[in-house]
Amino acid sequence: MAKLTKKQCKDLSEKLTIAKKSVWDQAKPAQRKQIMELGESYKEFLDQAKTERMAVDTIVSRAKAKSFKPFKPGTKAKRLYFDYKGKVVALAVLGKHSPAKGMRLLGAHIDAPRLDLKMQPLYEDQELVFLKTHYYGGIKKYHWMSRPLAIHGVVCTRDGKKVEVHLGDEPNDPVFTVLDLLPHLSRRGQEQKKLGDAIEAERMNLLIGSLPLDAEGGKEKAKLGVLKLLNDSYGITEADLISAELELVPAGKARDVGLDRALVGAYGQDDRSSAFAALEAILVLKNPALTSVAVFLDKEEIGSEGATGAQSRFLEHLAASLLEAAGESASYRQVMGSLAASQMLSADVNAAYDPDYPEVHEKRNAAFIGYGVCLTKYTGHGGKYGASDADAEYVAWLRKVWDEAGVTWQAAGMGKVDEGGGGTIAKHMAVYGMDIIDVGPAMLAMHSPFEISAKADIYSSLKAYQAFYEAPVLKGRTGCMP
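full-length UniProt numbering applies: residue 1 is where the sequence shown begins, and numbers increase by one.
No lab work stands behind these hints: they were computed from the structure. Any given hint could be a false lead.
[What the hints assert, rightly or not] Subject to a maximum C-alpha distance of 20 Å in a straight line, what follows is the list of computed EDC-like cross-link-like pairs (lysine to aspartate or glutamate):
#	residue 1	residue 2
1	LYS132	GLU191
2	LYS85	GLU40
3	LYS228	GLU127
4	LYS141	GLU191
5	LYS72	ASP83
6	LYS28	GLU40
7	LYS140	GLU191
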């Protein structure tokens with residue numbers, strides 16, 4: 001073989017090798033402006049969607065503003081939304097082809113790690129009033145100590161009234177907190193224990209009040225004072241807390257991080273970052289070839305269980321409704337055939353490479369913050385246990401779609417093989433036989449009360465989702481069952 005010149009070597013390298021590039025390095029001035037403007041909309045969404053119920057309300061409100069109509073039997077609209085139990089929502093734009101030929105789906109989850117209340121949470125001790133909690137999802141318990149917390153959710157009374165509660169995020173609201181032990185007294189109680197054992201879950205009780213009721217006689221007057229305030233403001237009693245869904249989340253708004261304001265710090269970005277990008281993508285979609293759907297699900301952080309998780313039959317009901325809206329039969333075989341012929345992106349985040357902890361990453365296969373939307377072929381743990389492993393044909397098709405659309409993207413796994421792992425909704429959707437893969441932004445400090453994302457990656461995720469919806473029909477991949 002003849003010796004190559006420097007130019008020939010450079011050309012060959014560009015042709016044959018992977019060269020990761022950041023979004024910012026490729027963005028023109030107009031795109032940089034769009035990225036920063038989208039970041040402002042994103043922060044606003046995060047502030048409005050701190051719980052799954054609040055996320056559904058926000059998504060439905062924005063969908064209505066873009067001419068989406070609620071689905072009802074006989075509905076003739078092309079732009080539809082499906083609100084299920086106030087905790088799951090789907091937006092759909094009917095395509096030129098029947099849903100029976102397959103659909104394009106984006107699936108994101110809108111729940112996030114948090115503290116929930118126990119069924120009988122209220123108690124008083126030494127004139128301090130607390131609420132007992134139970135943590136939800138994968139958290140590091142010490143993250144939640146001695147920080148301002150807000151309360152959001154609903155209380156349902158015995159007579160059927162539903163009361164919304166939102167406390168801690170408005171400028172004049174009080175905030176709440178879980179007390180930590182001062183360092184002067186924690187040497188034996190905490191510091192000699194393993195990190196995971198230092199904070200006991202049963203000690204994670206929310207401080208909610210301390211002012212005794214101004215009354216003669218009586219016991220637990222501080223607790224009674226809190227109950228009187230709740231009753232005066234919301235008309236609820238202690239028994240009503242049994243039928244409540246009140247979530248404790250970090251108080252405060254999403255913020256720019258860094259002098260250059262290129263990053264966003266906020267609670268709940270896993271996975272509301274992907275939910276935001278999916279929402280933005282479908283709201284502007286006009287006339288797709290295939291029926292296009294964005295599904296926003298609950299309970300992913302605890303395994304996608306329950307009636308509002310990805311393991312429920314919601315997707316089957318949704319497919320049946322869309323077939324009916326298109327004038328098609330919604331028989332079992334038609335529904336299953338439609339789902340099997342579909343392509344889906346599990347819109348979820350990946351762990352970004354953290355330079356302070358390089359030992360947990362395999363750098364060649366790590367995601368980097370600011371380097372575009374991340375394609376994750378499989379998650380799971382160990383020997384790919386619990387993974388949905390996308391096939392080569394689907395990955396190749398998606399690469400072509402994004403490259404032709406000018407999307408900045410990267411491919412990565414979730415840390416070293418034996419270091420840990422994770423899961424998404426992908427494996428629960430894959431049971432229908434559809435093509436599916438995880439696609440979303442990379443995230444630093446994931447599952448903490450203050451996660452970090454790059455505005456450039458949110459922008460890149462939006463562009464990737466838009467290209468997916470608008471891509472030509474995938475030939476020869478019907479996925480139909482025999």
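Results of checking the hints against the structure:
Between the alpha carbons of LYS132 and GLU191 the distance comes to roughly 24 Å, so the proposed pair goes past 20 Å and is violated. Distance check on the hinted pair: LYS85 and GLU40 sit about 29 Å apart at the alpha-carbon level, beyond 20 Å; violated. In summary, the hint linking LYS228 to GLU127 is supported, as the alpha carbons are separated by about 15 Å, within the 20 Å threshold. Distance hint between LYS141 and GLU191 is fulfilled; the C-alpha atoms sit about 14 Å from each other, no more than 20 Å.
Straight-line distance between C-alpha atoms of LYS72 and ASP83 comes to about 11 Å, which keeps the hinted pair within the 20 Å bound. Pair hint LYS28 plus GLU40 holds up; C-alpha atoms about 19 Å apart against a cutoff of 20 Å. Taking the CA atoms of LYS140 and GLU191, the gap is near 15 Å; set against the 20 Å cutoff, the hint holds.
When each numbered hint is compared with the structure, violations occur for hints 1, 2.
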